[in-house]
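Going down the list, the protein sequences come from chains A and B.
If you're matching positions, the first sequence starts at 0 in numbering that gives the first Met the number 0 and goes up one per residue.
If you're matching positions, the second sequence starts at 0 in numbering that gives the first Met the number 0 and goes up one per residue.
If you're looking for bench data, these hints aren't it; they were derived computationally from the structure.
From the three backbone atoms N, C-alpha and C, an ideal C-beta is built for every residue, glycine too.
If the Cβ cut is set under 7 Å, some of the chain B residues that face chain A in the computed set are:
(1) Arg18
(2) Ala20
(3) Asn67
Straight-line distance between alpha carbons at most 16 Å, and here's what the computed EDC-like set of lysine to aspartate or glutamate pairs gives:
(4) A:Lys113 - B:Glu14
(5) B:Lys32 - A:Asp19
(6) B:Lys32 - A:Glu21
Short, incomplete list of chain B residues facing chain A, as computed with Cβ under 8 Å:
(7) Cys19
(8) Glu56
(9) Gly63
(10) Ala66
What follows is each chain in one-letter form.
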Amino acid sequence: MSSFVDYRLGVKRKLLIVDDEEINRMLLTNILEKEYDILTANNGQEALKIVRKEKGRISLILLDLLMPVMDGYAFLEKVESDTVLKGIPVIVLTSERGAEVQSLTMGAADFIPKPYDAPEAILARIGRIIRLYEDTNIIGATQNDELTGLFNREYFIEYAMLFDQYYPDEAKEVIAINVNRFHVLNAMQGREFGDQVLSVIGKSIKEYVNESRGVACRYSADQFYVYVKSEGHEEKLMLSICDALKPLLDDADTRIRMGVFVGAVEGEDLAKSLDHALLACNGINDKYNRKIAYYNDKLQEKEHFDEMLIHDLDKALAEKQFKVFYQPKYAIQGDEPVLSSAEALVRWEHPELGMISPGKFIPLFEQNGMIGKVDRFVWKESARQIAEWKEKFGVTIPLSVNVSRVDVLNEGLASEMLEIVHAAGVEPKEYYLELTESAYVDNQSNIVTVAEKLREAGFCIEMDDFGTGYSSLNMLTSLPFDVLKLDMIFVRNVHRDSKAYRLVEFILDVARFLGVTVIAEGVEYREQYELLKKLGCDVIQGYYFSKPVCAAEFERFITG
Amino acid sequence: MTINDLKNLGANVEEGVMRCAGNETFYLMLVPKALDVSRYDALEKALEEKDFKAAFEAAHALKGVLANLALTPILAPICEITELLRPMQEVHCEELLSKIKEEREKFVALL
Numbered sequence: 000m001s002s003f004v005d006y007r008l009g010v011k012r013k014l015l016i017v018d019d020e021e022i023n024r025m026l027l028t029n030i031l032e033k034e035y036d037i038l039t040a041n042n043g044q045e046a047l048k049i050v051r052k053e054k055g056r057i058s059l060i061l062l063d064l065l066m067p068v069m070d071g072y073a074f075l076e077k078v079e080s081d082t083v084l085k086g087i088p089v090i091v092l093t094s095e096r097g098a099e100v101q102s103l104t105m106g107a108a109d110f111i112p113k114p115y116d117a118p119e120a121i122l123a124r125i126g127r128i129i130r131l132y133e134d135t136n137i138i139g140a141t142q143n144d145e146l147t148g149l150f151n152r153e154y155f156i157e158y159a160m161l162f163d164q165y166y167p168d169e170a171k172e173v174i175a176i177n178v179n180r181f182h183v184l185n186a187m188q189g190r191e192f193g194d195q196v197l198s199v200i201g202k203s204i205k206e207y208v209n210e211s212r213g214v215a216c217r218y219s220a221d222q223f224y225v226y227v228k229s230e231g232h233e234e235k236l237m238l239s240i241c242d243a244l245k246p247l248l249d250d251a252d253t254r255i256r257m258g259v260f261v262g263a264v265e266g267e268d269l270a271k272s273l274d275h276a277l278l279a280c281n282g283i284n285d286k287y288n289r290k291i292a293y294y295n296d297k298l299q300e301k302e303h304f305d306e307m308l309i310h311d312l313d314k315a316l317a318e319k320q321f322k323v324f325y326q327p328k329y330a331i332q333g334d335e336p337v338l339s340s341a342e343a344l345v346r347w348e349h350p351e352l353g354m355i356s357p358g359k360f361i362p363l364f365e366q367n368g369m370i371g372k373v374d375r376f377v378w379k380e381s382a383r384q385i386a387e388w389k390e391k392f393g394v395t396i397p398l399s400v401n402v403s404r405v406d407v408l409n410e411g412l413a414s415e416m417l418e419i420v421h422a423a424g425v426e427p428k429e430y431y432l433e434l435t436e437s438a439y440v441d442n443q444s445n446i447v448t449v450a451e452k453l454r455e456a457g458f459c460i461e462m463d464d465f466g467t468g469y470s471s472l473n474m475l476t477s478l479p480f481d482v483l484k485l486d487m488i489f490v491r492n493v494h495r496d497s498k499a500y501r502l503v504e505f506i507l508d509v510a511r512f513l514g515v516t517v518i519a520e521g522v523e524y525r526e527q528y529e530l531l532k533k534l535g536c537d538v539i540q541g542y543y544f545s546k547p548v549c550a551a552e553f554e555r556f557i558t559g
Numbered sequence: 000m001t002i003n004d005l006k007n008l009g010a011n012v013e014e015g016v017m018r019c020a021g022n023e024t025f026y027l028m029l030v031p032k033a034l035d036v037s038r039y040d041a042l043e044k045a046l047e048e049k050d051f052k053a054a055f056e057a058a059h060a061l062k063g064v065l066a067n068l069a070l071t072p073i074l075a076p077i078c079e080i081t082e083l084l085r086p087m088q089e090v091h092c093e094e095l096l097s098k099i100k101e102e103r104e105k106f107v108a109l110l
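So here's chain A without its partners, still in its complex pose (with noise of 0.2 Å):
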């Protein structure tokens, strides 16, 4: 810091001399006017004012102790009660031996004997005590998050490290915590009031923290770690974490999960014990009827499988091992039903493994933001799909691609996308973007400038599974999209049950009062398809048409 001062900044620091004696201030400014901005005052009150007007640009004060109006004493009182008064270091001057260990236990950093005896130590004295203070007040400022007061990430891992140095013999295990449907909490009831949440835990698990001599961070947003002694503290912690939000959340014992490793013992990789914990944690998102997931063998398997995973992409996208398969959509409101476009659905050939699911590499990828190779090789592909197939067969057969959540932060994919479609020789009006409404939910404001500019430059936008990201009502109206599509969880059961059907009675016609169209997915039964028929939903994809197929099983549907 004091560095980053010196030599980054290259300004001349602010030192107030406080004195009546104007002799005194001149001499003390002829000392330091070459190395440092110097202001004067004549007593206390006065420092005080322009120690408020500079706010915080002041490095040090050197302070006379007798002086009118108030005193040097009183001036310390003050600083030793003010929050920003308080960073900036007091050296004291004076020629009284009792008022030098008074001042210091009034809070001053040093003090100068009168009279000024050695120019030179007053410059070393005064140096010496903005260096300590300024690199004091960076790491305090540093070593813990804002928020809550616990450590930030770099000083967690530090503090962890010196905690295995005094406990080296005995177990320790890793507790990840974190807050199920947080990003909900923030949409719903906004940035303050996450906040508030997260602050609360944050302090609950200080306490906790202090009592069992753990060590604990605010990881990122949501996402907490502590460190203890393999004591069974998980429950405990959970409880008063439980405890704290309750005055805050009705559902506060639904909210906190947790995924412990056990057996964190020195020596052994810090990082990796957390990502253990974490992938317990993870484990168990949104499953309410599971608070604390430990890790486990099973564990350690999907983990051994996801690092293969992460490991052969690249050379999977270089083998083409990717395949891209289309469902059809149908278009049924007239009297038969129409082949209207496809969705192109990605899926893993591996040389040792066989046939990937989707589920098991696209949230995968998903989460180490990998998905966005994925995405381009199916968006370049079904681009050049269209264009094979409108040559074949002289129609247009519009397909729709995903687009993750990762994506949708790039502001310059509209021009990325425009890029593919052009080189393929394919117009965007038939190329169709799905991005799944909860991507909407998390990242609001992003996402509606990206989609606008899609939209902007011909491209259709459909939101994907519909129903399942908790938008309100009132975010319809504003997200600009123009298909909705509704997931499969509300068409599962709309043959069979009347509060499923009216509940898709009433998307409908949100949906029509919007002015967009509407696609049904997962459609497996005739009963399903005529309901929906029967409804007024415009367009249909599902078992009941077809599984996704590879594009030469595909054509069978073009050529009817």
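Since the structure of chain A is provided, determine the placement of chain B on it from the hints.
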């Protein structure tokens, strides 16, 4: 007024100049300020009015300034009177006050 004049009167000029970071001109500019009559009048007036708190503060302030400039002949009686006044109770210090004034006059004569 020169550095030598001050030296001849007994001021510890080397020390004073050293506190001015070696700048003699600056030192010679400050000395007249330390001799300003109002400072001494304030002490005398406080003593006359038996305001010993004010008298102590005036003496203490003078002591600080004179010590920094090392005007030793005036500083010595000022130190004495400051200590006498420290309890802020009635004391008789007419002699010391005269001594202070007398020594000051010698310096003022150089201006």
